[in-house]
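Chemist: One letter stands for each residue in the lines below.
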Amino acid sequence: MLIPCPHCGARDHAEFAYSGDAGLSRPAPDAADSVWLDYVYQRNNASGDHVELWHHIYGCRQYIAVSRNLRTHEISGAQFASKPRAES
Amino acid sequence: MNGQAFRRAGGQIIDRTKPLRFRFDGKPYEGFAGDTLASALMANGVRLLGRSFKYHRPRGLMAIGSDEPNALITVRRDGNTEPNTRATMIELYDGLEATSQNAWPSLRFDLGAVSNAVSPMIPAGFYYKTFMGPTRHAWMFYEALIRRAAGLGFASREPDASSYSKMNAHAEVVIVGAGEAGLREAHAAGQTGVRVILIDEAAQPGGWLLRERDHSSIAPLIAAVREMPNVTILSRTTAFGVYDGLQVAAVERIQDHLPIVNARAPRQRLWLIRAQRIVLAAGAIEQPLLFEGNDRPGVMMAGAARGYINQFGAAPGSRVVIATNNDTGYQTAFDFAAAGLPVTAILDARDAAPEPLADEARALNIAVVARASIQRTVYSGALRGVVADVAGKSAQYDCDVVAMSGGWAPAVHLSTHLGGKPAFEETRGMFLPAALPSGISCVGAMTGEGLPKMSVAASSAERAFVDFQNDVTIKDVKLAHREGYRSVEHLKRYTTLGMGTDQGKTANIAGLSTMAALTGQPIAATGTTTFRPPYTPVSIGALGGLETGEHLRPLRRTPIQDWHEANGGLMAVSGLWKRPKGYPKPGEDILAAQIREARMVREAVGIVDVSTLGKIEVQGPDAAEFLDRIYCSPVKNLKIGRSRYGVMLREDGVVMDDGTLARLGANHYYVTTTTAQAAKVLAHMEYHAQVTWPELRVSIISVSDQFGAIAVAGPQSQRLLARLAGADAFDDATFPYPSLKSISFGGVEVRVLRASYSGERAYELHVPAAYALSLWEALLEAGAKPYGVEAMAILRIEKGHVAGPEIDGRTTPADLGLAKLVRMDKEFIGRRMLQRPGIADASRPSLVGLAPVDEASRIRSGAQITLTDVGKSAPMIGHVTSSCFSPVKGHPIALALISNAAEMRDKIVFARYPLRNETVAVRVVSAVFYDAEGARLHV
Amino acid sequence: MHILLLLLSMTSRYSAFRLFREALSAQKGWTPAWADAEPKSGYDAIIIGGGGHGLATAYYLAKLHGLRNVAVLEKGWIGGGNTGRNTTIIRSNYLLPQNAQFYEHCLKLWENLSLDLNFNVMFSQRGVLNLANSDAQMDAYARRGNAMRLSGIDSELLERDQVRRMVPHMDFSERARFPIYGGLLQKRGGTARHDAVAWGYARAASAFGVDIIQKCEVTGFRMADGRITGVETTRGFIGAERVGMAVAGHTSQVAAMAGLKLPIESQVLQAFVSEALKPFLDTVVTFGAGHFYISQSDKGGLVFGGDLDFYNSYASRGNMPMVEDVASAAMSLFPSLGPLRLLRSWGGIMDMTMDGSPIIGLTPVDNLYLNGGWCYGGFKATPGSGWVFAHTIATGTPHPLNAPFSLDRFETGRLIDDKGSGPYPWLH
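Top to bottom, those sequences are chains A, B and C.
Under the working numbering, the first residue of the first sequence carries the number 1, and numbering increases by one thereafter.
Under the working numbering, the first residue of the second sequence carries the number 89, and numbering increases by one thereafter.
Under the working numbering, the first residue of the third sequence carries the number 1028, and numbering increases by one thereafter.
Chain A with its partners taken away, still in its complex shape:
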C-alpha cells in the first residue's frame, strides 16, 4: 500500500506502524465506566471505510489519519492526526 503522508509524500506502508482506530477520543477522567471501556477496548471494526492511524516511524514520525477501505485496501485520504479531522 502507498500511504500519502502529508509531510513526506506517498510512501510504502512498511515505513509506518499501524496504530489503530483514529476515531477514538480519550474520555474525561470522570466519564462513565462504559465510556472508558469503549475507549480502551471496544471497536466498531466495521468492514468497509475505516479511518485509522499510521505512525510514520521511518519518516517524519507523525501520526497520520488515513481513510482506507478494509475490503479493497484503497486509500482515499490522509491527514495529520494532530489536526482536527473529519468524523468517520
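Because the hints were derived from the structure by calculation, they are not lab data.
Fair warning: this is a prediction, and the values are worked out from it, not measured in the lab.
Hints are supplied without guarantee of correctness; some may be wrong.
From the structure, some residues in chain A lie toward chain B, with a derived Cβ separation under 10 Å [as the list claims (entries may be wrong)]:
#	residue
1	I3
2	P27
3	G59
4	Q62
5	A65
Backbone N, C-alpha and C define an ideal beta-carbon position, used for all residues, glycine too.
Starting from the known structure of chain A, fit chains B and C onto it as the hints suggest.
Modeler: Leaving out everything else, chains B and C in the frame of chain A:
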C-alpha cells in the same frame, strides 16, 4: 552422443553451431544453444521425464511453458540443488546436470508404480476413511509411510550457495507479457514518453509468435520497442503477483541459464515495481482433452507440439494424431506436415470440420475426421495409437504422439490478485477478467481476443486425467460429487485438484466443468477457485533477498561496542543489540566473572556501558504537564536540576516501562527508558502528544543514538570521577542524589545523572556518542574496570529493582511493589483502568524475595512456586522472575511474583522446576535483600 | 432387525475394509459425507458459521447434550473460512493457566478425534518445538514449561545440542543473527488436516440429524423482549430458541447485527506453502526472534508463516513486506531453503482481541452466545471450543474451562494476556 534423432530442420531459436553437452539421470546427451532441457530431451528422443505424484505413472512433456504439470526435474547439485523445476523452463547450458524425481530405483522401473496397480482402492480422499485404528496412535504409523511416498524432489540440506538481490522501481506503465499484445501496448505507451517496464517470462520477447513457423512479422515491433530508451524490457522475468497500490512483484532469473552460478552476483532478483497503470497481456493457456490415458507420454498440448517443432526443430515423435475441438489444432497439423512428420489424422470433436482449414489439411494428405473424439490411448511401453469414437463408431489410429487441443483459457490469474473476479462468458465458453480494480487493464488473448470458442466436453472416461501432476481423474471428480464435495473449493481440497506445482493451469477448467456437468449447474454458477500469488512458484531466496543470516535484523551497536568485543566481553543477544554479559578473565567462567564484577561494584567501583537505554528529550511550555500525564508517578514538582525514578503505564493500567526523569530547565526534560522498551515508549509519547492532547505544546525527540551512556557505580565512583573532572563537580552538596548536572570532561559537556541501579553511589554519564569511547577509556585509565549486564542483574536483584522479567506486560504498579509511587490524585495514562476489580484484587501475584532454606540450593528463573513439594501436578501460586547467586548474601536469591504475598511472608514454599526435576524449598522474604534504607547511595 | 441396523451402520462407516469393498464397485457405493439440508422453519438451536468451531459445537450439542434439532448456517461452503486457511498447528503450550487448561482439553479431544468422528483428521503428534534465542527467552520458556508440567501437560526444555540433534539443518553457525540457545518441546503437539476437521464434524453432526445449510447467510437477528427469536437469512427467516455465533473473521459484523460492540479488530495474517518435497522436517518449529514458524505437510509442502500484516483488513490478502520478511526468516533458520519455491500464499482474517485470548460465552442478549476472537490460534482450539460452547449453549452457563474467557473480563480487568501486549490487538 550424437543422438539427436528427433532433431528436424527449422528451429528458429536454436544455434546449431553451438552444441551443448548435458546429462539427464547420469546419461550424457547433446543439445544446442537456445534449447530448453525439454526441447533437448525431446530432440534426443527421451519421452519419459517424470513420475506422477500419487500413482507414479510414467509421464512425458505436456506443455512448452510454465504451465507444464509433468516434467519436474532436479537441476544442479549440493548448495545449488533446485528440485521441482519444470524442464520447459530450464534453458540448456553446457554441463547441465538434471535428474528425474519421485521414482525409485529408476525412472523407467519405479517401484512406486505399485500404487497405480492398487489405484481402485485409493481414490480421492481415501486417507480420510482409513488409517484410524486400531489405536488412536495408528496415524503416526501410517503417516510415516505416507510421508515417504509423498513429496516430489529432494531438498538439499546444504546452505544455499546462491545470492539474491532486490530492485525497487517505478514506472507509469507496467506491462506483463511480451507477446504481440504486450509489445504493441509497450510501443504505444513508450511513444508517450513515460517510463514503461515490459515483463516477460521467456528468454526473449515475442510470446506465442515465436512458436509460429515464421515469426519474422514480429521482429520490427520488437526492434522498435527495444529502441525506446524509456521502455525497459525484463526478460526471463515472471510477474508473480499484483499487490496493493498497484505494485507488481516479479522475479528475474539472472543466472539460471548460465553454466556456473557466480555466488557473488545475484542468481535471481526480486523486482518490486510501483505502477500508475498495469496492463496485463498474460495470454492464454491451452487446455487438455479428457480421454482414458490422456496422461501417457506422447500425449501433449497441440500448441506445445508445434512450438517444439518451430522453435527448436525438435520432433515430439514420428507420427501424430491431432485431437481438437477448435481450429487451432489444425495449425499443429500443418506444422507437423511442414516438418515432414506424418499426420495420421485430425480428429475434430465438432460436428463439421471447418473450411477452408479442412481443405487445406486434405491438400496435405491429412485425413480430417469430424465428430471424432479419442476414447483411449493404446500404450505399451510407448504410445502406439488411439481408439476414437467417430460418429458413434470406434476407430483406431496409429501414432506415437497425440497433439490435443481442448481450447485456450485466458491466464486471468494476475487480474484477480487485487480482488478482480473472473466472469464466465457463456458465448465464449471461458472465464474472462472482470471486476478489475482501477489502474489494471487486460489486452490480447487474456481478454479472449483471437481465441476460439471453448467447450469442454463432459467425458465418460473414468480414468481420464484432469489434474496430471496430482493424479486426479474424472472418477475422482465424480466421487467428490457423490460424497457432497461439490463446491469448487471442496472439490479442490478433497481431490487435491489444482494443488500441484502447476496450480491447476491445465486442470482447473476441466475439473470445474466436469463438476458443473455433474451438478447440472451452469459453469458460471459453479465458479472458479481463488487465484493467489504467486502465479508460478517463486524461490524463497529471491523473496528473502540479502536480509538473511546475520543480516536478518539490523544489529545495533553502542559507541563502545568495538571495545567490548576487543577486550574480552562475552557478547550476547539482547533485542537488536549485542551486549557484554561480562568480561571473564583467562580461565574464569562467566559465573565467576559476574560475581567478581558485582563484588567490585559493591566494594570499589565499576563501569558499565548503558548506551542501549532509550533517551528522550521532551521540551515545550507544556512539557511538565505532558509528562505528568504520561507517568503515573509525580512529575510536576520536580525541580530544575533534579531527577527521579518514574513509572509509566499503558492505558489498561499495566506497567509499560520505568526509567529516570531529569529536568534540565523549566520547559526541558531528559528521560530515559529501558533498553527493551525504548522504541515503544517513544511511540507512546508521540501518540499522546499528537493524537490525545494535540493542544499541549510539547516536542519529543529521541536522542538515544546521539548519546552514549556509561554508569559509574560503587563507593569509589565519586573519587574516580573527581580525578577526571574535578572534585568540585561531584560535591554532594551541589550534586545530591538524585539529580542531573552538566559536567565538562576535558571540554566535552557530559550530562551526569546521579541515579543508581545497583544501589551503590553511582553516576550515569550521558556523553555525546562520538566521545563515548574516549570517556570510557579515560575512566579505565583512571583505574575503573568494566562490568557486564550479568553483574548488573545481580546488583539490581539484590536491591529488588524490577526489570524486564517483572515488567512483563501483565503487572501493575501494585504487583511490583510500586503502588506508593502512583499519584491517584492526578490524571495519567492508565489511571482509570487501575480501578477495575480484577486489577485491585489482593490475590494478584506481587513481588517478593525468595531465599533458599538450604543455602546451597540454586533457585532458577522460570521455576513455579507451589505450596507443596509433592505430586507431579500442583496448583501454582506464582513464579520466579529473576534469580542469581548473591555475593552480599553469600547464597542464591530470587525475585518472584506470588499470590497473597503479604500473607505468605516468612512462609516456606517450593520453587519447582519439573523440567529439570528440581524442587527447592524457599522462604518468602522481602524483595530488597540489601541496604533497605538506601544508605549505600551516599557512602 | 438389530443385525440389519448394524449392517446399515457398518456400510456408512469408513474403514479400510469398506474402501477395499468399494474398489470392487468402482467406489460407487459412497453417499454424501453430510446431508446438504434445506432450512426448516425453526430450530432449538442455530449455530451461525459452518467452520470447524460451529460444526464441532453442533456435533457436541447433539452427541453430549441431546440437542438434535439444530442447524448450522454457513454463508458459503463449510470449512471455507479460517478452518481451511491456517497452518494447522496444534499445541497446548500456553503460559497462563486459563489458556493451558483450555487448550489441553482441546488437545485431549484431538488425540481421540479421528476415532470419535470415524473420519481421519490426520492428527500428527510430531511435536512442536519453540526455539529460544537468548537466556531471557530460555527463562521465559522454562517458566512456561514448568507451569505446563505442574498442570499435567507434557513439556521438555531442550539445550542447544538436543535441538541440533532434532533438526540438524537449522543454522547453528556463527553467522546466525539469533543463535539457537535451546527450545521448549511439546511432543504431543503437532498438526492435523484442516479441511478434514470441518468435514469430519459435519459428517458426524449430520449423522445425528443436525441440518448443515450451506449458502445461507445470516443478515439479521429478529428479537423480542431482549431475546432472539430467530435469524433473517438469505434463505428466509429461521426461528431459533437460542443462537450461537462462531464466525471467525466476521465476529464484529455478526455481533453488530445484535447491537453488540466487541473488543476485537480484524487483521490479515498471511501463510505460505512451498512446492512438495520429500521429507525435510519432521516437527513443527517456531522461531520467535525471527517471527517465523514452519512445518511440513504430509503432501510434502513446507507450511510456514510469520507475523500479522499489522493492519485492519477484511480483504483476505496481504502484502509484500511481510512476504519478504517471512522468506528472510525462513532462509535464516534453514540456510538451505533459498532454492526451494513458494507455491501458494493466502491471507486469513484474524479477529484479534484486546488481550490476545478468545471470547467464548454469554452476551448481554439472553439467548445469544458468542464464540470468537480467536486471533491466529483458533484451529487448535476447534474440538474444545465446540465442546465448551455446546455446554454453554445447552446449559445457559459457561463450563469452568471457558468461564475465564468471558466477554466481561475487559470490564472487570481479569484479562488473559499470554503475551503481555496490552489492548493493542495488532501486537498480540
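Chemist: Does each hint hold? Answer for all of them.
Modeler: How the hints compare with the structure:
| no. | hint | in the structure |
| --- | --- | --- |
| 1 | I3 | holds (9 Å) |
| 2 | P27 | holds (8 Å) |
| 3 | G59 | violated (12 Å) |
| 4 | Q62 | holds (7 Å) |
| 5 | A65 | holds (9 Å) |
When the structure is compared with the earlier hints, a violation turns up for hint 3 alone.
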